[in-house]
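J.: If you read the protein sequences in the order shown, they are chains A and B. Numbering (this note's numbering) for the first sequence: 1 to 112. Numbering (this note's numbering) for the second sequence: 1 to 115.
Read the hints as simulated data drawn from the structure, not as lab findings. Heads up, some of the hints might be wrong.
Here are some of the chain A residues that sit facing chain B, going by a computed Cβ distance under 10 Å [to be verified]: (1) VAL11; (2) PHE18; (3) PRO31; (4) TYR36; (5) THR51; (6) PHE62; (7) LYS68; (8) GLN99; (9) THR101; (10) SER104.
Calculated lysine-lysine pairs in the DSSO-like style (CA-CA distance at most 27 Å, straight line) [said to hold, decoys possible]: (11) B:LYS42 to A:LYS56; (12) B:LYS57 to B:LYS42; (13) B:LYS57 to A:LYS52; (14) B:LYS83 to A:LYS52; (15) B:LYS83 to B:LYS42; (16) B:LYS42 to A:LYS68; (17) A:LYS56 to A:LYS68; (18) A:LYS68 to A:LYS52; (19) B:LYS57 to B:LYS83; (20) B:LYS78 to B:LYS42; (21) B:LYS78 to B:LYS57; (22) A:LYS60 to B:LYS42.
Positions of the beta carbon are idealized from the N, C-alpha and C atoms, including for glycine.
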Amino acid sequence: GNSVTQMEGPVTLSEEAFLTINCTYTATGYPSLFWYVQYPGEGLQLLLKATKADDKGSNKGFEATYRKETTSFHLEKGSVQVSDSAVYFCALSSGSARQLTFGSGTQLTVLP
Amino acid sequence: EPEVTQTPSHQVTQMGQEVILRCVPISNHLYFYWYRQILGQKVEFLVSFYNNEISEKSEIFDDQFSVERPDGSNFTLKIRSTKLEDSAMYFCASARVASSTDTQYFGPGTRLTVL
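Next comes chain A alone, as it looks inside the complex:
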């Protein structure tokens, strides 16, 4: 079946530091990959997505590249801000199983 393994948290960084949150997956077929973000007290918001191998999703300075050879979709940002503090979820959707399969989430705290 489908599964997503996400870097354990919590992660604490200083403002302007480089961020990487690792995500690897197991899936049948050719999955679409997503990063969702959950700010405190809010629901899940799509951050970025990639629907085929070698695609790069990007939004708000965040990037992730769909790597089929390593079954990975790592999230990166060159310079984090305090406002990026949130929980980040990696997820996939594959074939007829349109439901999302989520990773465990990574809590990011950015200190000023």
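For chain A, the structure is supplied; the task is to place chain B on it using the hints.
T.: Okay, now just chain B, sitting in the frame of chain A:
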């Protein structure tokens, strides 16, 4: 920007009681979902709904759960006889089309506490 809304934001109930969680999906979306997140655990798929019937459901979605789209705008999740282990955050989501590449848009969630 259109968004998915959910009510109530927090529901407290006694074990054995019925609860109905409500969602208003984005108006031109056709595919609807319920997920839940038990505190400290992963977000888990419960059920998907399309064309007024259940499309897929997980093992979690047993006979105590049901979904309905009663009036063309609301999408509800009913838990007939709540258990302590049903305490979780429940998220509704909707998507424009029935495709694994399409984005699912999530509501803010309903926190259900079963006492």
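J.: THR51 (chain A) was flagged as interface toward chain B. Is the shortest Cβ-Cβ separation under 10 Å?
T.: holds (4 Å)
J.: Could you grab the alpha-carbon distance between LYS78 (chain B) and LYS42 (chain B) and see if it respects the 27 Å cut-off?
T.: The hint holds at about 21 Å.
J.: Regarding the pair LYS57 (chain B) and LYS52 (chain A), is the alpha-carbon distance no greater than 27 Å?
T.: Satisfied, since the Cα-Cα distance of roughly 26 Å is no more than 27 Å.
J.: For the pair supplied as a hint, LYS83 (chain B) and LYS42 (chain B), is the alpha-carbon distance within the 27 Å limit?
T.: With a Cα-Cα distance of about 19 Å, the restraint between LYS83 (chain B) and LYS42 (chain B) holds, given a limit of 27 Å.
J.: Given the hinted pair LYS60 (chain A) and LYS42 (chain B), is their alpha-carbon gap at most 27 Å?
T.: holds (25 Å)
J.: When you check the alpha-carbon spacing of LYS83 (chain B) and LYS52 (chain A), does it fall within 27 Å?
T.: violated (41 Å)
J.: Answer holds if the nearest beta-carbon of chain B is closer than 10 Å to that of THR101 (chain A); otherwise answer violated.
T.: holds (7 Å)
J.: Going by Cβ atoms only, is PRO31 (chain A) closer than 10 Å to chain B?
T.: Holds: closest Cβ of chain B sits about 7 Å from PRO31 (chain A), inside 10 Å.
J.: Between LYS56 (chain A) and LYS68 (chain A), does the CA-CA distance stay at or below 27 Å?
T.: holds (12 Å)
J.: Starting from LYS57 (chain B), check that the Cα of LYS42 (chain B) is at most 27 Å away, please.
T.: Holds, at roughly 17 Å.
J.: Given the hinted pair LYS42 (chain B) and LYS56 (chain A), is their alpha-carbon gap at most 27 Å?
T.: Within the cut-off at roughly 25 Å; holds.
J.: Have a go at the PHE18 (chain A) hint: is there a Cβ in chain B nearer than 10 Å to its own Cβ?
T.: violated (27 Å)
Checked against the numbered hints listed earlier, the structure breaks hints 1, 2, 6, 7, 14; every other hint is satisfied.
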